[in-house]
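Chain order of the listed sequences is A and B.
Using our numbering, read the first sequence as starting at 382 and increasing by one per residue.
Using our numbering, read the second sequence as starting at 5 and increasing by one per residue.
Please keep in mind that the hints were generated in silico from the structure rather than gathered at the bench.
Built from N, CA and C at the ideal position, the CB exists for glycine as well.
Careful: at least some of the hints might be erroneous.
Cβ pair distances, simulated, as ranges [said to hold, decoys possible]:
#1 N419/A / P389/B: 44 to 54 Å
#2 Q369/B / V394/A: 27 to 37 Å
#3 E527/A / H87/B: 47 to 57 Å
#4 P474/A / G301/B: 21 to 31 Å
#5 H87/B / N576/A: 53 to 63 Å
#6 N576/A / G330/B: 47 to 57 Å
#7 L504/A / H187/B: 40 to 50 Å
#8 E527/A / A376/B: 46 to 56 Å
#9 G146/B / G528/A: 22 to 32 Å
#10 Q406/B / R575/A: 28 to 38 Å
#11 G528/A / G126/B: 52 to 62 Å
#12 D133/B / G528/A: 50 to 60 Å
#13 G402/A / V365/B: 43 to 53 Å
#14 D422/B / L504/A: 19 to 29 Å
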Amino acid sequence: MAILDVKNLHARVQNREILKGIDLTINPGEVHAIMGPNGSGKSTLASVLAGRENYEVTAGTAEFNGKDLLDLSPDERACEGLFLAFQYPVEIPGVSTSYFLKAAVNAIRKYRGEPELDAMDFLKLIKEKMKLLEMDQSFMNRSINEGFSGGEKKRNEIFQMTVLDPSLCILDETDSGLDIDALKVVSQGVNALRNKSRGILIVTHYQRLLEYIVPDFVHVLRDGKIIKSGDKSLALELEAKGYGWLETVAA
Amino acid sequence: MTQTARPISADTDNSSGPLAVGPDFGRPWLAEFRQAAAKTFARVGYPSATDEDWRYTPLAPLTQNHFRTIPAAGAVSRDAIAHLSLASRGFYELVFVDGYFSAALSQTTGLSGLIEFHNFQGAAGGESDRIAKYLGHELPSGINGFAALNAASFSDGVFLYIPAGVTVDKPIHILWATTRHNHPVMVYPRGLIYACSQSRAVIVQTYADLDSDHPVFTNVATEVIAGRGSHLELIKIQRQALLGLHMANEAVHVHGSATFQSLAMNLGAVLTRNNLSVHLAEPFAQATLNGLTISAGSQRVDNHTLLDHARENCPSHELYKSLLAGNAAGVFRGKILVRPDAQKTDSKQTSKAMLLSDSAVMNSQPQLEIYANDVKCTHGSTTGPLDDEQLFYLQSRGVSAQQAQALLTYAFAGDVLDRIIDPAAREFISVLVAEALSRLHIAPVEL
Ligand SMILES: Nc1ncnc2c1ncn2[C@@H]1O[C@H](COP(=O)(O)OP(=O)(O)OP(=O)(O)O)[C@@H](O)[C@H]1O
Ligand SMILES: [Mg+2]
Chain A
382 MAILDVKNLH
392 ARVQNREILK
402 GIDLTINPGE
412 VHAIMGPNGS
422 GKSTLASVLA
432 GRENYEVTAG
442 TAEFNGKDLL
452 DLSPDERACE
462 GLFLAFQYPV
472 EIPGVSTSYF
482 LKAAVNAIRK
492 YRGEPELDAM
502 DFLKLIKEKM
512 KLLEMDQSFM
522 NRSINEGFSG
532 GEKKRNEIFQ
542 MTVLDPSLCI
552 LDETDSGLDI
562 DALKVVSQGV
572 NALRNKSRGI
582 LIVTHYQRLL
592 EYIVPDFVHV
602 LRDGKIIKSG
612 DKSLALELEA
622 KGYGWLETVA
632 A
Chain B
5 MTQTARPISA
15 DTDNSSGPLA
25 VGPDFGRPWL
35 AEFRQAAAKT
45 FARVGYPSAT
55 DEDWRYTPLA
65 PLTQNHFRTI
75 PAAGAVSRDA
85 IAHLSLASRG
95 FYELVFVDGY
105 FSAALSQTTG
115 LSGLIEFHNF
125 QGAAGGESDR
135 IAKYLGHELP
145 SGINGFAALN
155 AASFSDGVFL
165 YIPAGVTVDK
175 PIHILWATTR
185 HNHPVMVYPR
195 GLIYACSQSR
205 AVIVQTYADL
215 DSDHPVFTNV
225 ATEVIAGRGS
235 HLELIKIQRQ
245 ALLGLHMANE
255 AVHVHGSATF
265 QSLAMNLGAV
275 LTRNNLSVHL
285 AEPFAQATLN
295 GLTISAGSQR
305 VDNHTLLDHA
315 RENCPSHELY
325 KSLLAGNAAG
335 VFRGKILVRP
345 DAQKTDSKQT
355 SKAMLLSDSA
365 VMNSQPQLEI
375 YANDVKCTHG
385 STTGPLDDEQ
395 LFYLQSRGVS
405 AQQAQALLTY
415 AFAGDVLDRI
425 IDPAAREFIS
435 VLVAEALSRL
445 HIAPVEL
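Given only the sequences and the hints, what does the whole structure look like? Please build it.
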C-alpha cells in the first residue's frame with residue numbers, strides 16, 4: 382500500500398484555484414522531490430496535505446496509509462504520521478520548545494495507544510536527537526522559534542521531525558537559509574530517517590540538497606500541475622536549463 | 005465607636021445631595037477631612053459621560069443609589085475566608101471585613117517588629133498624626149467624585165509605614181472581603197502606604213465578596229509614597245463576585261532612584277474601573293505598571309493609567325494584557341505625560357488583547373503628552389484572536405486544537421506572570437489565572 386496516494390487534487394485559496402489536478406503516489410521507502418518556479422503551488426500542496434485551514438479542496442482525493450487524509454484534522458494527520466517541516470516556521474513566544482514537543486510526542490503516543498513518555502524518557506529521546514542534529518540543549522528552554530536565526534528554525538523543524546518519527550516527511554524548502562555546514566547536518570538528520578517503510582517528499586529549488594538526500598523521483602510542478610516527472614537526473618537537467626524548456630514538453 | 009455612616013441621600017443628582025460622612029474616631033483632623041471631602045463631592049459630583057476621561061465607562065451602575073453602607077462588620081469565620089487567605093503561603097495578612105479591620109482574622113506575628121501598621125480607627129496619637137499628614141496628599145478628593153466619596157465615607161482604612169532601610173521579609177496581604185447582606189452594599193477600602201528610603205516591600209491587596217447574589221460596590225482609594233531608593237511591588241487582585249462593581253483610584257508618588265512596580269489583576273466584577281496614576285517625582289525614579297484582565301460574559305474592565313514624568317532620567321514600562329471571552333469589553337487608556345524637566349525619559353507602553361470570541365471587544369488608546377525634547381517614548385497595542393498560524397503549527401505536530409488554544413492562552417497570560425518579581429506572589433497568582441482560565445474552559449497548562 383502506498384503511504385500517500387493523491388489523485389486529481391484541486392484546491393483553491395480565496396477563490397483562486399492554485400492546485401489544478403495533482404497526481405502523486407509515494408510508496409514506502411521512496412524519496413520524492415518537487416521542484417518548480419516560485420508561486421507554482423508547492424507550499425500550497427504541502428499545506429493542503431497537512432490540513433491548513435482556508436485551503437479548499439474542490440476536487441480529487443488524497444489517501445494516507447489507506448485513510449482519507451482530507452477527512453482528518455491537522456492534529457489527526459500528525460498523529461497518523463504526517464509531518465510538515467515548514468518553509469517559514471512561525472515563532473510562538475511564551476511556549477517553550479520542550480513543553481510543546483513533549484505535548485506533541487505524548488499526543489501522538491496517546492493516539493496510537495502507546496503509554497505517554499515520562500520526563501526522563503522524553504529527555505533521553507530529545508538528547509539523542511539533538512546530538513544527531515548538533516543542536517544546543519539551550520534551544521529546548523527557549524520559546525518555539527522565537528529569536529531563532531533562519532537556519533536555526535529550519536534545523537529545529539528537522540529536529541522535531543526526528544523526535545516525532547513520522548511515516549511521511551514533507552520538507553518545504555528546508556535547505557533555504559541553511560549554511561553549507563548546516564545543510565550537511567540537516568541532510569544527515571533526514572537521511573537517518575530514510576528507511577524501507579518511510580516516505581519523504583522534499584520541496585526544493587536547488588539541486589544541491591538533492592546531492593545529499595538523493596531522491597528516487599523528481600517532479601516539476603508548474604501552475605498547479607505536475608508537468609514532468611523523472612529520476613534524479615531531471616534535477617540536474619533543471620539546474621542546467623531552468624524551467625523554460627518544459628513549456629513545450631507540457632503542451 | 006457609635007457613630008456610623010449613613011447612606012448617601014436618595015437624591016443622586018450629579019451636583020448635590022447631602023452626604024453623610026463616615027466616623028471620625030474622635031479625631032478632629034479626620035472630621036475635618038471628611039467634611040472637606042463631602043463638600044468636594046457636593047461640588048464635583050459624579051463624573052459625567054461627556055467627560056473625556058469617563059466616556060467609555062458606563063456610569064449608570066456606579067451612580068445608582070440603592071447601595072447601602074455597612075454599619076458594622078458582618079460575622080465571618082476564618083473558614084469562610086480561607087480560600088482568600090494567603091497566610092498559609094507565609095504572607096503577613098491584614099483582614100478587613102466589610103471595610104472594618106479584624107484583628108482576630110489577621111496574621112501579623114513578626115510584622116510589628118519590622119514596620120508600623122495600623123487601621124485608621126485603632127491608630128493612636130502619633131500614628132494618627134502621621135496619617136493626618138499624608139492622607140489625601142497623593143489622591144486629593146477633588147480628582148473625581150468617587151475619590152471624594154471614598155474620603156468622606158470610608159469606614160476604616162489601612163496605614164503601612166515601612167521605616168527607612170527595612171526589608172519586609174514576606175509579602176503583606178491586605179484582604180478586603182465583604183460578607184453577605186441580602187441587599188446591595190457599598191464599601192470604601194482606603195489604603196495609605198508609606199515606604200521610607202531604601203526600604204523594600206511587597207504588598208498585595210485583594211478585593212473579594214462572599215455574597216454572590218447581591219451586588220457589592222467597592223470604591224477603593226489607595227495612596228502610595230515610595231521613598232528614595234525604595235523597592236516596592238504593589239499587587240492588586242480584584243476578584244469580586246460577578247455582580248460586583250469595582251471602582252479604584254490609586255496614586256503613587258515615586259521618589260528618586262526608587263523602583264515601583266504594580267500589577268492590576270482584574271478577574272471578577274461585572275464592571276471595573278481602575279485609575280492608576282504614578283508620579284515620577286525625582287531623577288532616576290522607575291515605574292513598571294503591569295495589568296492582566298481575564299473577562300467573560302458581560303464583564304467590562306476599564307484600565308486608565310497615567311505616568312507623570314516630572315524629572316529627568318526616569319524609565320517607565322507598561323504592559324497591560326487582556327483576555328476577553330464572551331461579550332467582555334476592555335478599555336486601556338494609558339497616558340504618558342513628559343514634563344519639560346523630564347529629559348532622558350525612557351517610556352515604553354504596550355497593550356495587548358486576545359479576543360477569545362467574536363463578540364469580545366477591546367479599545368486601546370495611548371495618549372502621549374511630551375514637553376521635553378530628549379526623550380524616548382514608544383507605545384504599541386495589538387488586539388486580535390488567537391493566531392491561526394501559531395495554532396496550525398502546534399496542531400501540525402499532533403497537539404489538539406483545544407490544547408493548542410490552551411497553550412497560546414497560557415503563554416499570553418504567562419508573559420505578565422513572568423514579570424511578577426516576588427516568587428510567592430507569582431506562584432499564587434498563577435493559580436488564580438489557572439482558575440480563571442478553567443472557568444473559560446481552557447485546560448490547564450504548566451509552561
Ligand atoms: N493564503 C493565500 N492567500 C492568497 N494567495 C495564496 C495563499 N497561499 C498561496 N497563495 C498563492 O498561491 C500561489 C502558490 O503559492 P505557493 O506558496 O504554493 O507557491 P510555491 O510554489 O511554494 O512558491 P515558492 O517557491 O516561492 O515558495 C501563489 O501565487 C500565492 O500567492
Ligand atoms: Mg513555497
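Verification of the hints:
1. N419/A / P389/B: 44 to 54 Å: Since the Cβ atoms of N419/A and P389/B sit about 30 Å apart, the hinted range of 44 to 54 Å is violated.
2. Q369/B / V394/A: 27 to 37 Å: 36 Å, holds
3. E527/A / H87/B: 47 to 57 Å: 36 Å, violated
4. P474/A / G301/B: 21 to 31 Å: 28 Å, holds
5. H87/B / N576/A: 53 to 63 Å: 56 Å, holds
6. N576/A / G330/B: 47 to 57 Å: Between N576/A and G330/B, where Cβ atoms are some 50 Å apart, the hint holds.
7. L504/A / H187/B: 40 to 50 Å: 59 Å, violated
8. E527/A / A376/B: 46 to 56 Å: 34 Å, violated
9. G146/B / G528/A: 22 to 32 Å: With Cβ atoms ~48 Å apart, the hint is violated.
10. Q406/B / R575/A: 28 to 38 Å: 34 Å, holds
11. G528/A / G126/B: 52 to 62 Å: Holds - the Cβ-Cβ distance for G528/A and G126/B, about 54 Å, lies within 52 to 62 Å.
12. D133/B / G528/A: 50 to 60 Å: 55 Å, holds
13. G402/A / V365/B: 43 to 53 Å: 44 Å, holds
14. D422/B / L504/A: 19 to 29 Å: 23 Å, holds
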